[in-house]
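S.K.: Position chain E relative to chain H; hints supplied.
Residue numbers (our numbering), protein chains in the order written: chain H, -7 to 813; chain E, 3 to 218.
Don't read these hints as lab results, they were simulated from the structure.
Any given hint might turn out to be false.
[As the list claims (entries may be wrong)] No farther apart than 30 Å at their CA atoms in a straight line, the calculated lysine-lysine pairs in the DSS-like style are these:
| # | chain 1 | residue 1 | chain 2 | residue 2 |
| --- | --- | --- | --- | --- |
| 1 | H | K732 | E | K214 |
| 2 | H | K510 | E | K193 |
| 3 | E | K209 | H | K777 |
| 4 | H | K773 | E | K167 |
| 5 | E | K101 | H | K798 |
| 6 | E | K179 | H | K693 |
| 7 | H | K277 | H | K294 |
| 8 | H | K679 | E | K167 |
| 9 | E | K218 | H | K793 |
| 10 | E | K75 | H | K804 |
| 11 | H | K213 | H | K382 |
| 12 | H | K776 | E | K167 |
| 13 | H | K684 | E | K209 |
| 14 | E | K193 | E | K214 |
| 15 | E | K167 | H | K608 |
| 16 | E | K167 | H | K732 |
| 17 | H | K684 | E | K193 |
| 18 | E | K193 | H | K732 |
| 19 | E | K214 | H | K804 |
| 20 | E | K218 | H | K732 |
| 21 | E | K179 | H | K510 |
| 22 | H | K776 | E | K218 |
[What the hints assert, rightly or not] Label pairs and their in silico Cβ distance ranges:
| # | chain 1 | residue 1 | chain 2 | residue 2 | range |
| --- | --- | --- | --- | --- | --- |
| 23 | E | R146 | H | R526 | 25 to 33 Å |
| 24 | E | I195 | H | A470 | 28 to 36 Å |
| 25 | E | I6 | H | G512 | 40 to 48 Å |
| 26 | E | R146 | H | R476 | 43 to 51 Å |
| 27 | H | A117 | E | Y130 | 52 to 60 Å |
| 28 | H | D788 | E | R146 | 46 to 54 Å |
| 29 | E | D148 | H | R476 | 51 to 59 Å |
| 30 | E | I195 | H | D788 | 17 to 25 Å |
| 31 | E | Y130 | H | D139 | 53 to 61 Å |
[Claimed, not checked] Reference listing, derived: stretches of chain E covered by chain H, where coverage requires no fewer than 3 residues with Cβ under 8 Å from a Cβ of chain H:
| # | stretch |
| --- | --- |
| 32 | 156 to 166 |
| 33 | 186 to 200 |
Just so it is clear, CB atoms sit at the ideal spot from N, CA and C, and this is done for glycine as well.
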Amino acid sequence: MNKKELHNIAEEWFSNQSWKPFPFQKQTWNAFLQSKNGLLNAPTGSGKTYALWIPIVLEYIKRNPDYGTKHKKGLKAIWITPLRALSIEIKQATERFVQEIGVPLTVGIRTGDTSQKERAAQKRAMPDLLITTPESLQLLLASKGYDKTFKEVNAIVIDEWHELLGSKRGVQMELALSRLKTISPSLRIWGISATIGNLEQAQDVLLGPDSKALQNSVLIKANIRKKITVKSIIPKKMETFPWRGHLGLHLLEEVIPIIKKSKTTLLFTNTRAQCEIWFQKLLEKHPELAGEIAMHHGSINKETRLWVEQAIRNESLKAVVCTSSLDLGVDFAPVETIIQIGGPKGVARFLQRAGRSGHQPGKKSVIHFLPTHAIELIEASALQKAVQNKKVEDRIPYLNSFDVLVQYLTTLAVSGGFYPDEIFPEVKSTFCFQSITQEQFRWILNFLTLGSQSLQSYDEYKKVDIEADGKFKVHSRAVAMRHRLQIGTIVSDAVLTVKYLKGGFLGSIEEWFISKLKPGDVFTFAGRNLELFRVKNMQVLVKKSKQKTSKIPSWMGGRMSFSSEMSTLLREELYRVSSTDAKISKELVSLSHIFNRQQRESIVPGPNEFLIETFKTRDGFHAIFYPFEGRFVHEALGSLMAYRISLLLPITFSIAFNDYGFELLSDQQVDMQQVLDNDLFTTQDLKSDLQKSLNATEMAKRKFRDVAVIAGLVFTGYPDKLIKGKHLQSSSQLLFDVFKDYEPDNLLYQQAFIETFEHQLEEGRLQLAMERIVSQTIVWKECKKPTPFSFPIITDRLREKLSSEKLADRIKRMTAMLEKA
Amino acid sequence: MTVITQEITIHSQTFVLHPNGAAYWKEKSILLIADVHLGKITHFRKNGSAIPESAMYQNFDQLNDALQYFQPKTLCFLGDLFHSFINKEWLLFSEWIRKTTSKIILIAGNHDVISPLKYEELKISVVYEWIIDFVLLTHHPEEREDFFNISGHIHPGIRLLGLGKQSLSVSCFFKRKHQLILPAFGAFTGKYILTPQEEEDVFAITKDEVIKISKK
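Next up, chain H with everything else stripped away, as it sits in the complex (with noise of 0.2 Å):
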């Protein structure tokens, strides 16, 4: 069949349905019948999907030129999401075109839902599509014979690579794809992304840098635009609008009327907790919307998320409070109207959120901004400006994760095993490892084999074993179960699974929430009220409460930060208040009274100030710094700042951050006038000095565990499993403190340190905030109380800690709390 009997094949489809493909999808088409790789840009909802479905399929047809009548078995192409509430959707669409054009192709889902049963049944029969998630794809690398597996494997798709890319599960997709690469010998890599702003360099890493598939690789951009309306909700009474807080429940009412006017609105909440409260108080206050509200988070049982994206799909809901878990793929068509509760943090997630809403063609996406306390309408002001402005980030990809290559290196020793000189060229054409040398790769094969770099009499130490031949293997049945349930690089704390006495599984839960209740305590989750009865061998027992108020769990997750784009936007946003001549929005506008009194009490920075101010409160003395930077540039200023003034005494810091400035508080007062005549914020020694003031707080430490449970140094405990792991369990701050003694040039240690603000901060981002400030003139107001701008931060109980008092000192200050009788 030629090129264009093949795409005829599509148009006519096309056409039964009434569809036009859009130019776009005909391009991918032919780029991928012409056997090259790509990176296809197109939002959710576009029809991307059938942009590289369709021409998998007619690939196949030219292959098979009796498609209709025999069908060649084994698996053909792969499909990776990253959330395992899309294989649905993404199997419902690549099932409704083989069958109606009458090709018998098959499609098979693997995620962490899939039950044992089907696994053993796929590991049988391989459908024709498989559609997974990037941690199941490393479980079929751990699995004998994988090769045989993925020979005739032609395509591979990574849906939303942009989710993908910032994260270390990106760095496992670039592993296992620099394996395909040798094991498929005719396989095509596309990747899927949304606008970010380095498309480029999101191809180069999936494809490899100077590789052959990227030489032979296109781009290709939907550039499909569409109108977004974003809209602010200003409370009525601004004067009683709380100053700090990210709740938002006071303007629950104004988001009623919302909901009843419109179809079907998602609520996109920033934490698990926020949801539910959300959802319980919604229920509370509107006992009417029972039945026409739903939930939606990652710790909901897969019933009920699936339930509730189908009932979306339905139109049988007029509501659903979600969490990220609705943020990507699923084309919700009845969905017309978002609403974002407190800050968004970014513009890509935020333009991702609004594009959810509004499917049909022709249609607006409509987004509404709730803030959570008011000096969040100045995010919401800027927003505006940057849906204008089509502001997108970056996401940074990682580099040298060796925690992720300890992980993958032991995979492969899992199933059959690998030798290391025809492993490292793979490794090293990734773009994640392109620097990485013989001898790191040395260090990494001793760790897995000697569990050091040198061997030690009196020692154990069992992992990899290097056969006769040089063949690097697990032998031991212990080591390689342990491992398989540890595969995947989504670290959460161990997870217990909730279920009611009588039976009925719920969902799970964080150890740590449920660490801190006895039986007997209240708590909220999965939207009902439940009593906790006992925890037994990995299971939350509960019962049905019908009290009223109860504890919420907090799901950790990590706290967002503002991009370098967004905080540009804010800062500006922000000196159009203290210009006279300047415009300024509606958002700022209603602020106006939280303005007026931060200029009596202090000053509202000007684009040429920097804002320092003190004062002393019942808790000791603040300082607040205002770089307006984002969050992660102020945990490191933070520290740095904080490192740099005990150096001039012996003190003790508590420091908290948020994204428009962080507070250094202590119980002694600090000179001001003395670290600014020290020059504090010199970038001279910045390096070496944010080095040791990672020593000294404890941020690396809590990368480190991270790092230490991908690594796999760390088990997590078997799940849902009664063997004892117990004997094997610590945690990761002792390692982390054994590793300081004793083996501080370890990699993954040093990995833990190099995480903690290389990567998170784009390069020298903090090198130009630190020029931007020195630029500044420094504005040190003594204040006799908490400002407006300092609330929000002052009230931040999620603290780091700096110090550099003896400890002994430190205790003979501090006081232990008495039980209540």
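M.R.: Same frame as chain H, but now just chain E:
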């Protein structure tokens, strides 16, 4: 290193609390040490968790320091001496025992799964409790009438609060009216935070100092 210890008196007997977590009964010359968890590092390594193995020598160094400081006639381990099943750290332990002149007694804890016969080969007697006058030595804390109980098992720690939203958690000796719980002696062990009541005393330990904690 000079260390600062604390002395407490129970029924006119003197107990010296050392920053490394050991308690020394002066009149009887008995050194009490709880929860060393020897073999833990090797146990992890044997199971594929690459913890720096040089860390396992720290326990022995610390034991030597304690013996040298107090020169006790008797050394009594209050349980969880060995973390898990026998492994090569046992050989190190055997060597260490041979060089030790004090009499050694082990009160078996929940982690002590190694056969008492193996200990007896090293001339260590294994018991489940030990009563000396009014003192009851056990692994698990327990309350028994007319006795003062000294135990381990809990790995007690305490959370301290201070001005400027400061907080800290440190290992400690935890003293109740009829009970003293020792901190874990082992290098690679965690701690469990306890909250004291009015009549309970807490002695926090740092690298070189035992500090009595005031309460609020």
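S.K.: Quick one: which hint numbers does this structure break? Sort them smallest to largest.
M.R.: Hint check: 3, 5, 6, 10, 20 fail, others pass.
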